[in-house]
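Participant: Sequence:
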Amino acid sequence: MICYRLRCAHDHVFEGWYKDSSTFVMLRQKGLLNCPECGTSEVDQAPMAPAIVGRGRARPVSEESEQETEADAAPVAPVAPSGPAVLPDVVLSAMREVRRTVEDNCENVGRRFAEEALRIHYGEAPERGIYGEMSESQREELEEEGVAFQNIPWVRDTDS
Numbered sequence: 001m002i003c004y005r006l007r008c009a010h011d012h013v014f015e016g017w018y019k020d021s022s023t024f025v026m027l028r029q030k031g032l033l034n035c036p037e038c039g040t041s042e043v044d045q046a047p048m049a050p051a052i053v054g055r056g057r058a059r060p061v062s063e064e065s066e067q068e069t070e071a072d073a074a075p076v077a078p079v080a081p082s083g084p085a086v087l088p089d090v091v092l093s094a095m096r097e098v099r100r101t102v103e104d105n106c107e108n109v110g111r112r113f114a115e116e117a118l119r120i121h122y123g124e125a126p127e128r129g130i131y132g133e134m135s136e137s138q139r140e141e142l143e144e145e146g147v148a149f150q151n152i153p154w155v156r157d158t159d160s
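Just so you know, UniProt numbering puts 80 at position 80 of the sequence shown, and the rest follows in order with no gaps.
Note that these hints are calculated values from the structure, not bench results.
No residue lacks a Cβ here, since even glycine has one placed at the ideal position from N, Cα and C.
Treat the hints with care, since some could be wrong.
Unchecked claim - Per label pair, the in silico range of CB-to-CB distance:
| hint | residue 1 | residue 2 | range |
| --- | --- | --- | --- |
| 1 | 141 | 94 | 29 to 39 Å |
| 2 | 126 | 102 | 14 to 24 Å |
| 3 | 128 | 13 | 37 to 47 Å |
| 4 | 21 | 146 | 44 to 54 Å |
| 5 | 115 | 30 | 12 to 22 Å |
| 6 | 10 | 147 | 40 to 50 Å |
Let's have the full structure, built from the sequences with the hints guiding it.
Facilitator: Rendered as structure tokens:
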């Protein structure tokens with residue numbers, strides 16, 4: 001895996017993790033890299049000084065060091081991310097597409113989601129796709145009543 005520091009056309013800086021440099025190039029050429037902040041696909045590498053930390057001192061990443069065997073690699077303790085988790089660009093794009101599909105095909109009932117889902121479940125309201133918000137206690141109630149629903153990660157829509 002290789003980590004690149006990336007920058008979009010709107011000057012947002014973020015990280016991207018890729019199998020190798022050729023995977024990054026291929027994704028960039030196909031327009032599949034997106035800024036998690038604004039969604040633009042105008043993304044390129046930002047200046048960085050990568051290093052691998054292991055036994056002793058940090059050393060710069062080179063083509064040779066990427067080809068180390070497991071026996072040569074020093075154990076490295078995991079490091080907690082310093083900011084919000086950055087999802088791979090392809091995943092963010094897919095999640096944005098899911099959001100658009102839901103918004104185009106379902107009714108936003110907002111905080112009345114649990115109430116409306118129960119009404120649909122018991123035939124008191126017309127059957128249709130709905131989306132909205134619910135509390136944990138409302139979630140438990142819907143599960144107990146046997147109401148089918150699905151949680152969807154709701155990423156920020158970048159088209160607005």
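Participant: Now look at each hint and say whether the structure bears it out.
Facilitator: Okay, the hints, checked on the actual structure:
1. Checked against the given bound of 29 to 39 Å, the beta carbons of residue 141 and residue 94, roughly 31 Å apart, stay inside it.
2. In this structure, residue 126 and residue 102 meet the distance hint of 14 to 24 Å, their C-beta atoms being roughly 18 Å apart.
3. At about 42 Å, the CB distance of residue 128 to residue 13 agrees with the hint of 37 to 47 Å.
4. For residue 21 paired with residue 146, a C-beta distance near 50 Å keeps the hint of 44 to 54 Å intact.
5. Restraint check, residue 115 to residue 30: a C-beta distance of roughly 44 Å breaks the suggested window 12 to 22 Å.
6. Between residue 10 and residue 147, the C-beta spacing of about 42 Å keeps the proposed range 40 to 50 Å intact.
When held up to the earlier numbered hints, the structure conflicts with hint 5 and nothing else.
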